[in-house]
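Peer 1: This is what each chain is made of:
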Amino acid sequence: MKKHLCISASACIAIFIVSSLFIQSCKKPDIPTQVTVPEYSFSSLDSNGGNWKPLLLTSNSQIAVSAPDSINSTAYQQELASMKSMASSLSSYQSNSIQYWGTNPLIVWEEIAQNLTAKYNLPPQPDATPDANGNYYGVPSSATPTAYPPFPFAHPPYSVRMSAYWSAAEFDALIAAWHYKYLYNRPAPYKTDKTVPTALPQTNLPSYPSENAVIAAVAAVILDNMFPLDSVYIDSKATELENVSLWSGMNVQSDVSAGDALGRAVAAVYIARSKTDGMKNAQPARLNGPHVQDSINTVAQNSFGWQWKNLETPQRPIGIAPLYGSVKPWFIPSIAAIRPGPPPAVGSPAFNTAVAELQGYANSLTDGQRSIALEWNDGGGSYTPPEHWNRIAFTSIINNQLNPLRTARVFAYLNTGMMDAAISCWDTKYFYDYPRPSDAAGIKTDIGLPNFPSYSSGHASFSWAAATVLSALFPGDAATFSSDATDAANSRVYARIHYRFDCDAGTQTGQTCGNAAVAVMKADGAN
Amino acid sequence: MKFPRIQIRNALFCLTITVVMMLLNTDAHAQTPTDDIMMPSGQVCAAVMYSHASWDQYWQGTTKLTNGNVGTLTTQSVSPMAAIGIFNWLNAYVGINYISAQPSAGTLAGTYGWQDAGIWLKYEPLNRSFGPGSIHGEAVFGFTGPVGNYAPEYPYSLGLGCTNTSLGGILEYEHESGAYVRGEAAYNERGTTTISEDYYYTTQQYYSNQVAIPEAVNYTATAGYRIPSGEWYAEGFFSGQHTNGGFDIRQWQAPFPSNQMDFTLVGADAHYYPPMLKGFGTLGIIVEGSYVLTGRNVGQTTNLAAGLTYQFNVWGHRD
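As they're listed, the protein sequences go chains A and B. Residue 16 is where the first sequence starts when you use this note's numbering, and the numbers rise one by one after that. Residue 554 is where the second sequence starts when you use this note's numbering, and the numbers rise one by one after that.
No lab work stands behind these hints, which were simulated from the structure alone. Everything hinted at is true.
Dumping the calculated BS3-like pairs for lysine-lysine here, alpha-carbon to alpha-carbon at most 30 angstroms:
#1 Lys-617(B) x Lys-459(A)
#2 Lys-295(A) x Lys-134(A)
#3 Lys-68(A) x Lys-343(A)
#4 Lys-343(A) x Lys-295(A)
#5 Lys-290(A) x Lys-134(A)
#6 Lys-459(A) x Lys-324(A)
#7 Lys-324(A) x Lys-617(B)
#8 Lys-617(B) x Lys-134(A)
#9 Lys-206(A) x Lys-99(A)
Treat the numbers as computed from the prediction; the structure is a model and nothing was measured.
With the hints as constraints, model all of the structure from the sequences given.
Peer 2: This is the structure in structure tokens:
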């Protein structure tokens with residue numbers, strides 16, 4: 016047998032080369048955890064913004080904000096000096112925070128809302144053994160948020176409602192802020208004192224009350240309510256944003272305090288609405304006998320000859336939020352009046368045509384179709400379709416260099432429009448209680464099957480409401496929004512969790528709800 | 554029928570095949586051609602392996618669960634591969650996997666298709682007698698990557714969807730009686746996987762469709778016996794993998810390519826060379842079985858595999 020030298024020189028060289036190739040490939044890529052918002056100057060300051068019509072406040076002066084001290088007062092001069100000294104010696108944490116919040120903190124807050132949604136969007140895991148009622152599944156409770164499953168289960172009806180309340184409250188609060196800014200006309204500190212170091216772009220926007228403080232306070236109140244287990248984190252981000260206003264030279268303390276108080280008061284008006292909007296009853300507590308899903312199923316069986324059932328093992332006895340259809344909408348006078356007609360009977364020719372389309376996709380899905388199915392899944396563990404649409408809006412907001420008030424208007428009508436579409440969709444789903452293709456036709460799927468009835472499609476509803484509102488706001492981008500909404504609706508058919516007629520019906524009601532939001536938006540004085 | 558000793562050692566190269574098949578799987582037994590046998594220059598070994606793996610329990614993080622929406626997941630694969638003796642001290646290997654993954658329950662469709670392909674180079678700097686036997690040492694450098702366009706984020710995904718660059722070492726002591734022990738370890742640097750979604754949440758959010766896959770080390774300890782005539786050998790092994798990073802499968806969610814996947818397993822395999830086709834090359838039959846003992850974010854897989862190897866001379870040295 017040949018005897019090789021233990022390690023030859025050439026072996027050493029070879030091993031060294033290979034190892035260095037290795038170490039080079041060890042560099043891990045930097046995967047972004049935030050959408051980059053480039054610093055931009057506002058296309059307009061909307062000095063008339065205080066006169067726009069709020070969504071819920073009775074007027075822009077419903078919440079009182081008292082007049083600020085004069086800029087010549089001792090009190091102001093002391094605040095100015097204190098802020099200047101902070102702004103002159105920033106730590107790296109402070110500089111990084113200013114960068115992080117940037118020129119449009121509403122986008123950053125929407126990302127925080129997206130990430131909290133993804134964190135809490137987890138369907139409850141079954142218990143190892145069933146309870147006395149034979150049920151394996153708990154239900155989150157706001158009364159005991161830390162008990163398993165933790166509160167909330169941030170599914171799409173929950174997340175769109177969270178975004179609607181947050182963004183509408185921001186909009187109303189900023190309308191009020193703009194009203195008081197131009198009423199009191201207190202110049203920014205860097206206008207009064209040119210030696211104030213500013214780390215964000217200077218504008219002619221009056222500084223009292225601070226819009227950043229308004230934004231922070233509204234976000235803290237609404238998001239604490241929606242994600243109570245993360246309130247420490249949320250409050251710390253709000254405090255950080257308010258401090259950023261000082262560190263960046265934009266505001267003095269009294270600007271921030273007044274903005275904070277205004278934001279909290281407006282948010283309280285929205286919280287009061289949220290307590291009586293019907294969401295409390297939308298999801299029954301853990302089963303203790305006959306429940307609403309039973310009666311929904313019985314009525315559907317008697318009226319239509321079909322009923323929906325959950326197909327998981329163990330079976331979930333109730334769908335998600337069966338009474339969400341009774342939650343109070345923003346713009347639609349009667350949800351029942353816009354409810355679509357019934358889907359085709361199971362086994363009818365129209366049903367068979369729809370099933371044949373799905374079987375076609377089951378047999379051969381193109382790579383492009385599968386990509387769309389997965390890209391638009393936005394299912395368990397994700398930030399949900401409504402937040403996907405908020406993210407789509409970022410690009411148009413940034414490209415149009417919108418100021419915070421106009422940005423808030425975009426989010427407010429986008430999310431309230433989507434929420435109305437969600438209410439209508441959920442009303443439709445549990446009114447018709449229609450079985451999924453996997454149930455009625457044995458079709459296998461490419462994504463997980465959500466725990467609610469088939470007709471109509473939530474994705475189609477949210478997406479077409481969103482595309483309608485965003486197209487009215489950004490007509491130049493309308494083609495992109497329509498294309499995205501078409502993909503979103505198609506994704507459910509490619510993945511075979513919906514029939515085509517589910518998506519057609521959702522498209523119709525989505526557009527109806529979007530148009531209702533647009534009608535109010537066009538009359539609010541902003542254009 | 555007696556084979557000359559050197560021929561045995563050449564033919565035994567095809568032991569490699571038993572694990573090449575698994576090299577390309579995420580639940581891999583090991584990530585390198587993992588034996589100490591070198592093919593002499595001019596010899597080629599072609600092989601195909603079929604494996605059948607299944608689990609009905611898996612680990613969600615460190616919690617072992619069954620999932621009624623999956624039932625039993627059965628993964629079958631067919632792996633053609635080849636090894637080429639370039640020089641007596643340098644061998645090259647190529648392999649590819651075709652996989653089918655089917656659940657027994659739930660509404661999600663199963664998947665099938667081409668998975669990954671790989672190429673390895675094995676270099677033997679150490680080969681000498683040592684006491685009543687001999688000692689061998691090899692270094693293996695490998696590269697695998699996806700060739701099928703499978704969706705890596707799909708719950709029954711065929712693979713991780715990323716490249717895997719590996720560097721490993723093998724050390725074996727073989728006693729003149731035919732008994733042997735072997736240890737091996739490899740470091741695997743993974744690339745980046747592209748998914749269809751452009752947002753995902755692990756323990757935090759990522760606004761991207763790129764997923765950084767953490768690196769992993771794997772190791773195997775083997776003890777076996779080769780009959781002096783060379784007609785067969787049998788061995789038992791203990792193997793493990795540790796992934797350096799990644800996150801645990803979230804509550805009741807599907808696995809994801811950047812999960813922290815760890816496991817230990819035990820197994821055994823045997824290779825038999827029926828005395829036929831003398832002069833045309835050497836035919837072999839392999840059987841292998843393994844069972845996962847402990848795991849994290851993997852299935853508790855039972856795997857059975859069988860395959861055929863055929864070694865023949867292409868140029869130069871004749872056996």
